[in-house]
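So the protein lines, in turn, are chains C and A. Numbering of the first sequence is given in the UniProt record's numbering, commencing with residue 1 and proceeding in unit increments. Numbering of the second sequence is given in the UniProt record's numbering, commencing with residue 1 and proceeding in unit increments.
What the hints contain is simulated information worked out from the structure, not anything from laboratory work. Just so you know, even glycine gets a beta-carbon here, dropped at the ideal spot from N, CA and C. Possibly wrong hints are sitting among the right ones.
[As the list claims (entries may be wrong)] In silico SDA-like links for lysine to any residue, alpha-carbon gap of 25 Å or less:
(1) Lys131(A) x Ala153(C)
(2) Lys372(C) x Ala114(A)
(3) Lys106(A) x Asp109(C)
(4) Lys372(C) x Lys105(A)
(5) Lys31(C) x Ile62(A)
(6) Lys124(C) x Leu281(C)
(7) Lys372(C) x Pro163(A)
(8) Lys80(A) x Asn375(C)
(9) Lys57(A) x Pro124(A)
(10) Lys131(A) x Leu111(C)
(11) Lys50(C) x Leu82(A)
(12) Lys50(C) x Ser71(A)
(13) Lys117(A) x Gln127(C)
(14) Lys372(C) x Lys149(A)
(15) Lys105(A) x Gly54(C)
(16) Lys105(A) x Ala153(C)
(17) Lys117(A) x Ala153(C)
(18) Lys106(A) x Gln42(C)
(19) Lys106(A) x Gln59(C)
(20) Lys117(A) x Leu51(C)
(21) Lys131(A) x Gln127(C)
(22) Lys149(A) x Gln127(C)
(23) Lys80(A) x Leu374(C)
(24) Lys31(C) x Leu281(C)
(25) Lys78(C) x His133(A)
(26) Lys117(A) x Pro163(A)
(27) Lys155(A) x Gln59(C)
(28) Lys106(A) x Ser58(C)
(29) Lys65(A) x Gln127(C)
[Said to hold, decoys possible] Covered stretches of chain C (chain A as the covering partner; in silico rule of three or more C-beta atoms under 8 Å from a C-beta of chain A):
(30) 31–42
(31) 79–90
(32) 288–300
[To be verified] Per label pair, the in silico range of CB-to-CB distance:
(33) Arg104(C) x Ala27(A): 58 to 66 Å
(34) Leu32(C) x Glu109(A): 48 to 56 Å
(35) Ala74(A) x Pro259(C): 52 to 60 Å
(36) Tyr150(C) x Asn55(A): 25 to 33 Å
(37) Glu109(A) x Trp23(C): 47 to 55 Å
(38) Leu32(C) x Glu49(A): 48 to 56 Å
(39) Gln167(C) x Gln70(A): 50 to 58 Å
(40) Glu49(A) x Thr250(C): 40 to 48 Å
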Amino acid sequence: MTNKRAVWLTVCFVAYIVVFGAWSLITPDRKLSEFENRALAQLPQFTTAKLWDGRYTSQMEDYLADQFVNRDMWVGIKSDAERTLGKTENNNVFFGQHNYLFERFAAPDGLFHRNVESIRTFAKRHQDTSVYMLIVPQSEAVYPDMLPPYASATSYSPQKVIDHTFQTLKGDIVPIPVLDLLKAHRQESVYFRTDHHWTMRGAYYGYEAFARAAGLEPVSLNALASRVLSDTFYGTYYTKANNKHIQPDTIELLEQPLPPYQVCYSDSQTCTDSFYHLDALKQRDHYAVFFNGNRAWTTITTSNPSGRSIAVFKDSYANDFVPYLAKHYTRIDMIDMRFFRDNVDDYLKQHQLQDILLLYGAKTVAEDDIFKWLN
Amino acid sequence: MKKWILIMMAMMLVVVAGCGSKKVEVANIQTADLLVKMQEAGGFPPAGEGFDIVNLKENADIASKLNIDQSLLAEGIYMKALINIRADEIIVLKAMDEKDIATLKKALEDEAAAQQKMWENYLPQELDKVKKHIIKQVGPYLTLIIAEKAEDVEKAFDTALQPAS
């Protein structure tokens, strides 16, 4: 190596460190990354104990990586470069056709079977009531042709989770199959492209199936007023994909005319008169427009004279489904077992809830360790 | 030269062996009292309003839901947000026998992993709390801390377990 070249190399190397180091230093730290939708690491507190067990240095590493100048831009460039090279996924999110994103579904393990057993124990204890169960598949089950080539070979089939659950719980629950219905209406945007949830239109078909199983006359789709709440919705898949070129989603509201009703939340003293929380449209997660996100329990009281009541054990897939039920029930209680730690049976008895519906995404049934709290 | 290396190696061995056999001395404190100190440090409301506090030695149901084998416990306590959508959680265990510490630690690791899974698609701030969870062992005591100020809670755990000198 010539002397000149060595000097040149050294200057570039040192300049790189100094420029980016100083630039990072003077740029104020950020708490959240809007693009990645996650909290960024903050300057770690120093203690000798932490230095000793290696935690301090690893926290420092996270801090420097997260607070690097123009992090979002670099993250975007990395993912663009990878896509140019033919990569069809990032963070287990597949880049599908027509701006669709899908998430890889890992093959379920023993937890799935324990969850199904917990549901069985719960259903057996409530044999005197009808226990309905609706499992919402992930969008890849409805749009498998939109997946990148070979992706399906590396992802577990949501349909298998649903079939296995319904088969195992045969006789204990009333299954509400929805996959074929959703497939039949796949042209109508029944799922978000950038988020893991079904849309309110997709949820309508779930509601229709439930209503028929429960002996209720579903409201016709034509009787619902359609209103676009947002056309700038970026969901959870988008956040994981780090792909800035994906077009945003639209959130459609399908409203039926209803007499006044009241919605009360477990963690709030006040009640509201609407299922929809329009302020959520100012935040990152527009899906929170439905019931303002998830709560331990949510109680809906309507002026419906039927006197019928229902407990909906749910995850967030129920949030754009439950508004349809207001037509049929006088009281609806949504219970989210991720946050609810009271005794379930006491709660059902205290509020004299008649019907029971378990409404969950297939991923929750397969992977979330929450069903043990039912018993 | 060779001799020196040998002597050095022998000394190293002694030092290493010495470290290994050193028994950690800890204060004897009830897990419930330990939890109170940790709650204070973490800025949780006094008397744990809004939180469910369960004695894991008495409540077999909750212990088994957390995959904690009660027979391995001398004591145990569990604090969890009751209805609020908060990931905050503290578990403090005291093992009956030191040989079971690894089993109990595994239960805490599994619980942290399950919580992380649960929060993954939801509130990023809460997920961040879970990701920064701390699992720590001092003598027969073990803790899992999921809290905004996890490191302060950890410090309270350490301080409370220091033997009175």
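Checklist entry - Hints broken by the structure, by number, lowest first? => result 1, 5, 6, 7, 9, 11, 12, 13, 14, 16, 18, 20, 21, 22, 25, 26, 31, 33, 34, 36, 37, 38, 39
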